[in-house]
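Colleague: With the hints as extra help, turn the sequences into a complete structure.
Chains as they are written, first to last, in the UniProt record's numbering: chain A, 1 to 330; chain B, 1 to 330; chain C, 1 to 330; chain D, 1 to 330; chain E, 1 to 330; chain F, 1 to 330.
One or more hints might be untrue.
Copies of one chain are not kept apart here, so a pair can be met inside one copy or by any two copies together.
Claimed, not checked - In silico SDA-like cross-links for lysine to any residue, where the CA-CA straight-line distance does not exceed 20 Å:
id : residue 1 : residue 2
1  : K241      : K259
2  : K150      : D327
3  : K241      : I329
4  : K233      : T322
Quick caveat, the hints were computed from the structure, so don't treat them as lab data. What you are looking at is a predicted structure, and each value in this text was computed from that prediction instead of being measured.
There are 6 protein chains.
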Amino acid sequence: MNILAFGEVMLRFTVAEKMMLEQSDQLTMSTVGTGVNLLSSLAHFGYKTSLMTVLPDNPIGKKAAADIRKLGISDHNIIYKGKNLGSFFVELGQGARPQRVTYQDRLSSSFCMMDADDYDFEKALVGVEIVHICGIALSLNRQTRNAALKLAQVAHERHKTVCFDFNYRMSLNEEISHETMKKRYQKILPFVDIVFGSQRDLTDLLDYQIKDESKLYQEFCHDYSINFFAGSKRSFQDGKKYFEGFLFHHDTIYRSAAKELNILDRIGSGDAFASGVLAGLIENWEFTDILEFAIANSILAQASMNDSPIFSKADVFHYVDTEGKNDLIR
Amino acid sequence: MNILAFGEVMLRFTVAEKMMLEQSDQLTMSTVGTGVNLLSSLAHFGYKTSLMTVLPDNPIGKKAAADIRKLGISDHNIIYKGKNLGSFFVELGQGARPQRVTYQDRLSSSFCMMDADDYDFEKALVGVEIVHICGIALSLNRQTRNAALKLAQVAHERHKTVCFDFNYRMSLNEEISHETMKKRYQKILPFVDIVFGSQRDLTDLLDYQIKDESKLYQEFCHDYSINFFAGSKRSFQDGKKYFEGFLFHHDTIYRSAAKELNILDRIGSGDAFASGVLAGLIENWEFTDILEFAIANSILAQASMNDSPIFSKADVFHYVDTEGKNDLIR
Amino acid sequence: MNILAFGEVMLRFTVAEKMMLEQSDQLTMSTVGTGVNLLSSLAHFGYKTSLMTVLPDNPIGKKAAADIRKLGISDHNIIYKGKNLGSFFVELGQGARPQRVTYQDRLSSSFCMMDADDYDFEKALVGVEIVHICGIALSLNRQTRNAALKLAQVAHERHKTVCFDFNYRMSLNEEISHETMKKRYQKILPFVDIVFGSQRDLTDLLDYQIKDESKLYQEFCHDYSINFFAGSKRSFQDGKKYFEGFLFHHDTIYRSAAKELNILDRIGSGDAFASGVLAGLIENWEFTDILEFAIANSILAQASMNDSPIFSKADVFHYVDTEGKNDLIR
Amino acid sequence: MNILAFGEVMLRFTVAEKMMLEQSDQLTMSTVGTGVNLLSSLAHFGYKTSLMTVLPDNPIGKKAAADIRKLGISDHNIIYKGKNLGSFFVELGQGARPQRVTYQDRLSSSFCMMDADDYDFEKALVGVEIVHICGIALSLNRQTRNAALKLAQVAHERHKTVCFDFNYRMSLNEEISHETMKKRYQKILPFVDIVFGSQRDLTDLLDYQIKDESKLYQEFCHDYSINFFAGSKRSFQDGKKYFEGFLFHHDTIYRSAAKELNILDRIGSGDAFASGVLAGLIENWEFTDILEFAIANSILAQASMNDSPIFSKADVFHYVDTEGKNDLIR
Amino acid sequence: MNILAFGEVMLRFTVAEKMMLEQSDQLTMSTVGTGVNLLSSLAHFGYKTSLMTVLPDNPIGKKAAADIRKLGISDHNIIYKGKNLGSFFVELGQGARPQRVTYQDRLSSSFCMMDADDYDFEKALVGVEIVHICGIALSLNRQTRNAALKLAQVAHERHKTVCFDFNYRMSLNEEISHETMKKRYQKILPFVDIVFGSQRDLTDLLDYQIKDESKLYQEFCHDYSINFFAGSKRSFQDGKKYFEGFLFHHDTIYRSAAKELNILDRIGSGDAFASGVLAGLIENWEFTDILEFAIANSILAQASMNDSPIFSKADVFHYVDTEGKNDLIR
Amino acid sequence: MNILAFGEVMLRFTVAEKMMLEQSDQLTMSTVGTGVNLLSSLAHFGYKTSLMTVLPDNPIGKKAAADIRKLGISDHNIIYKGKNLGSFFVELGQGARPQRVTYQDRLSSSFCMMDADDYDFEKALVGVEIVHICGIALSLNRQTRNAALKLAQVAHERHKTVCFDFNYRMSLNEEISHETMKKRYQKILPFVDIVFGSQRDLTDLLDYQIKDESKLYQEFCHDYSINFFAGSKRSFQDGKKYFEGFLFHHDTIYRSAAKELNILDRIGSGDAFASGVLAGLIENWEFTDILEFAIANSILAQASMNDSPIFSKADVFHYVDTEGKNDLIR
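Modeller: Structure (structure tokens):
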């Protein structure tokens, strides 16, 4: 199985020892992004993966590519051009003190400067079976939007399985009208087979007025010929945090159990869920097994530092089999 | 609003990675003290703050002053003299293993060597509306005791609002008789408007014999013409830890709800509460809102490394509004 | 009281900041092993301790010996020979993500290369009252097996109290038949006075068919003239982890209460329990007090970094007295 | 003496332990910039300093402001607006391996987004005697260019001493024609009293054709009514590195001796020299003493980590007095 | 150009902050080995590289493979089997205090356990033009010796360019007779085209009695049909250290100038030289240019942390062009 | 050989990565002092050593004792009493930037609080052959002065070899008159056999008026029946630093060659020299060999982090034999 992901790469700076930015000058750097996270997890599940992106043509770009290779992802579809890489700072949370993310300029990044026509999508798709596109590309700028759309179209025409992750964040789109954003998503969805998102993405962004969850997903999947629609959500009860997921396919919603969360670093939880679902679909597992596996992958990822999950299938199955109660492997 | 605090500055050495002193040589240093902590929090709430203290006239003193400025506190009232700064070591706790503090000599510090007459309190009070005095000065030595008392008196005469924090610690006063300590506190209280302390401070230190909490506070406030008396306390239930506070004013006790604690570093919890109460009094909030805010500030501070709270009002309100359930801000 | 332990020393490499091996190049090194852990704890309780082992005759061996001395253990019975020291990597766990231990070659270590006859056990036993032998020596190779057996025999003949810890791990013995392993344990047990192990060690390894726990221990202690048999175990309830222990003596099982665990680093929990039991037996405490103390020592050890407990008796009693609710000592 | 500097603030990320970016994820962050560096040094010489700049209105901006205060610089003239702060990575050098700087996007920074008219220069200049403007503002974009020019003009009209640092870097201006850059510098110079630059700045950027250094500086200072022109340069001899400086005033070149360099971190060497010269001019020292002091300040700065010099006058004099031969102060 | 290297991978543990093992518990880990170092450098020069080796089938093996990919080397020819990886500790030197390396067991490593017949050399050689074999394989054990020999033979038969590095170390062969070692080298040399070694390797190991360097190399290359023989050496003069190299081809010795060394970390200097020579031969540069480039690559590598050079051709040319005098790139 | 040293123990806090105190919060802690340093070196040379001192009876004291044991020094003569330990901060130097030491209060330390009569010197001297007393005890306070004097007397009476190190520092004695200090030294010298000091100690402190070095030492040794007088000094030539030593015995001055210094951390250089001299005297080496060895030990110590030398005799001989030119041991 050969999976290509398209998306922005970012530098993440994590403040040391659970301190806040004003408290420490010590940072640990990592290379992240929805595509990186998803492929890292899939590579650790044993699949061939390749990232299509643009990195700056300087030591930062080389560092990022080295990190990407380290995660087990091929760098053959990486283009080196320009000078900037988007970045963000992470202050880890503790109890009632939330983890905090502060973004630095993404729009001047090499990725955002790249025109859709400068990618050779045809060539990148040779031998690829699954293509993953992160919805953030629709929010960044015209270039990333066009590139994402073009890739979806080309991949769809070549009968690749196209996955798409809503990844819709208000804060990234404060200056864009609701109607504009809605149209952008509506434009790409017809080329997509597997969608990751939430109920709220359908009602708030796409303006579906259906309250019944099952009917809502049915209508959405019907409208855009979506084969699979999946998503995760978090809940709170008695001071504890839980994580659960759903998978909608052929008019049926499958649901996972809610599993307790013990968070070290929350970022990338959705990507970990998505890569779990993709692995399950690739392997043709039972849908409930897929969800159990995907939630387990995300639970483990949230109990680990950094965005990119690096758990093998055996690691995830170990969690499933021991119900997360084992606290020592040797 | 312009707040002046008077008190000792100390170096804090925190052992790395939750290790104990015998286990590691790696320390992280920070500059702390009740005055520093309180003003740091008030500065982050947006008020003008200034610390009156004595630091050694050497690289350690300069380092401490740099840290104090970094926290947003003016260093204009700092005097550089002598050679020593008090210090303590912190071993962070985990679960049933308590956080441990080991003090190193405080009595030979520059602060303790300074005579009351060598401070120019009059000048320091120009433009100041609130003065905060830490009760530890009453335990250290004659010089600090006299200086605290003199400042309270001068500030009171100039109609400043004088705040005083009992901060009474048995371990600091092992060689001083109960009667002596009691008299010291009784001497300063008549100049004070706002007092931070606990029920136990009144019964055990000041020898009040009243069991009813409300009547006790009434009597105490009446005896010394105290306008506000506030304090926090911690409790345990079903293996969980909670934190709550009270505010007594005009014969009424206001109480906060008990909020669950998830501690990273407990030191400074009282200072965080006190600065929250002061902010609320400055802003004339409802008393229950003041307590909710002050407890939230302290909950956040205890979930953070180091003694000095650095939360903005928005940070604290965010905790209040989300009931501490949000675990990611971006 | 003078205690000698015999066993392998290992280097432990802990990955920094709760990261996994693929995520970080930063390691913290420590010197560990069942003998080291047990003696470290006993030395911190105030007893004279000495480790009998073999370390490589190079800077690694000197580093290990320095660490051993630092823990308060005498290095006079350490032999320097050969070049290698066994080692393992530790990735700390978080919530549902288990702590993971990966061993590197132990069999080529200086300790495993040493013939039984090259030790001067007679000399080492002079002035010693208690000898502790770790059962792992039975699994490593012929040399360590013979040395352990010989020491047990010699110590028994000289009327020393001989302690033995099953420490049986399947993973270390994959290529050795059940019968072979069973015989090895059966061979050493007749020389032993105090045994640390579990119900499962008796049923699965020694093939006892008795289901009733009390009768099982009775039979076992009778068969090998064991004076004390003790062990600890962990349990899970309502998402919480607990730790408890038992001590069998003269036909009676004594049991501790189950105490809640909050784990920072689980390794060495059994050694912490064993050293607590030994301290109690040395001091002739009530059996229930011994168990309370031993469980407390292990709870604290599991809430601390590294394998070797460094708590004084006062530290452990503090936990017992405050029921683990105190979270700040100053 | 009260000095205001205007200029961009940047985040600096230094790779740990002299590693290169591909080799390590550990970074140490610091807050730098020509204005920050110069004022840090002047503040440590005992002068009142204030930085006029724009920082992002988020945790990064607050962190930068905290660092600026820590260096002893007033933050009262800092404006918080926008979201981005320019940054660069530093890989420290060793011997023949050069220190390497990689810039990340500066043009989308809060500072570059600020219109000249949005600054209240009049207010910022109240009480100020010396104004320093960094020439990089002429290269960044229209907004920074206009702001720098306007400030120079306003300060000149109010009879402030205006300092200007060429700080001309080819690499920042690859897409701007020589003539355009030349005109920009020619436009600001008439408002300037003290200029920091090099012979090459005059010949290559301003197109002076004079080969004789003395005549060249004479002509330049005459053309723009410059009172002082100063600069530093580095040289190599017999495998050693040297640093020296000149100061031109009233038709005379004063030159320092060349002092041997032992570099830990080269960045900020020019700012350290400039602040030394300014201190000397403020104190009316002999010109040769000024140069000796300024070179010493820069030698020390290059032997220290980070861009911002933090040496007191006493520290610099100590180097001068001991001829840099003392290697231990206690 | 496609280069395959065969050889052992090792974990390197470097003690932090130039401390010695007894002084610190902080280590930085890296993945090294002659093959890794050489391919890392060649990959950074822009060539396709692949490492043939055996890594343990556990988290350590995965970590090592991740590091290898990070360096730009393909992991497709890595076999995962067994449990152990050789390792060594590095204490960095300073001035007269030498850098110190302490090896831990290599002979029980997965690499040493692998039989020659278990490698699929034929498959690994498809598409490969240059094969590099490290001579250490001849010293380790029978398996590695046979594997190295078989690969040399197979590659030679398939007309690949075979490179061989003597890498002869007394300390690794203390128990093997001189004659035995000599025969091992004599057995592999007939299959080799390019040899890296020293004059001493020929006289002391292979027992050549020729004193004239030129005639010696002529005889050696003639005896084994060696096309290129190259090597580097270090010298001392007036308290300074120098590094230089030679290349022998068709009866002519080419020599580089001696370049001054400023060492941060000496290990891997020979591998850096060898990869420079290989790059030059691949590009058909003048022999003196090749040597200048190879020495420059090694000078830079010795001024950097860790064994594996990560300099691009541009980096090396920059050193050559600036004669190593530039100390800042931005 | 059994050596007892008497003296103050101090905590040393070294700022990380060659930063200055204002630049970093990261410290590395170590346990030092003239006695600790000297015994550490002698223990690493293979002698039995024991430190007589007082440490605080709290976690800091236990940490210090653990470090002392780690260095190979017996802790049996350590008394635990009081609460404070003297400390100092170290900012490492670079080139012309000197290393800087800032002391924190020593006079309130447990060591300074201890009366001479509270030590059991008789018992501590059992089995001891050499006693070392650090002259700093004469400067601290009455208690330490009396204790040092009493120990010298008792040891002398019991025919132990008494060593004494002038260690005279102006900065420690600013408030004590020259005559007072002189008398204190004159009082202890009659009990001493081996003295470490400098020419200046004799002329400036003891007021000898003799200019000829040889005659000066002759007179001094004669006056106090000193058997050996030894010392080291540093010099500068052509930008390089050198270190050399002398040993005076029976009217003859023996001198070492001056060896080039490459300093990482200068503190403890005198202690390293002294322990080298003591080792040589113990072993009855030739006087020139003793000096060569002692200088080598100090050169190595100054090229290492921290005060306490940890070089074996083999390490020192290696430097002597390779003339400090070897830069890699493996």
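Colleague: Each of the hints needs a verdict: does it hold here or not?
Modeller: To see whether the hints hold, each was checked on the structure:
1. K241 <-> K259: Both, since 8 Å and 16 Å are each at most 20 Å.
2. K150 <-> D327: neither (47 Å within a copy, 36 Å between copies)
3. K241 <-> I329: between (25 Å within a copy, 16 Å between copies)
4. K233 <-> T322: Cα proximity of K233 and T322: across copies only (17 Å, versus 23 Å in one copy).
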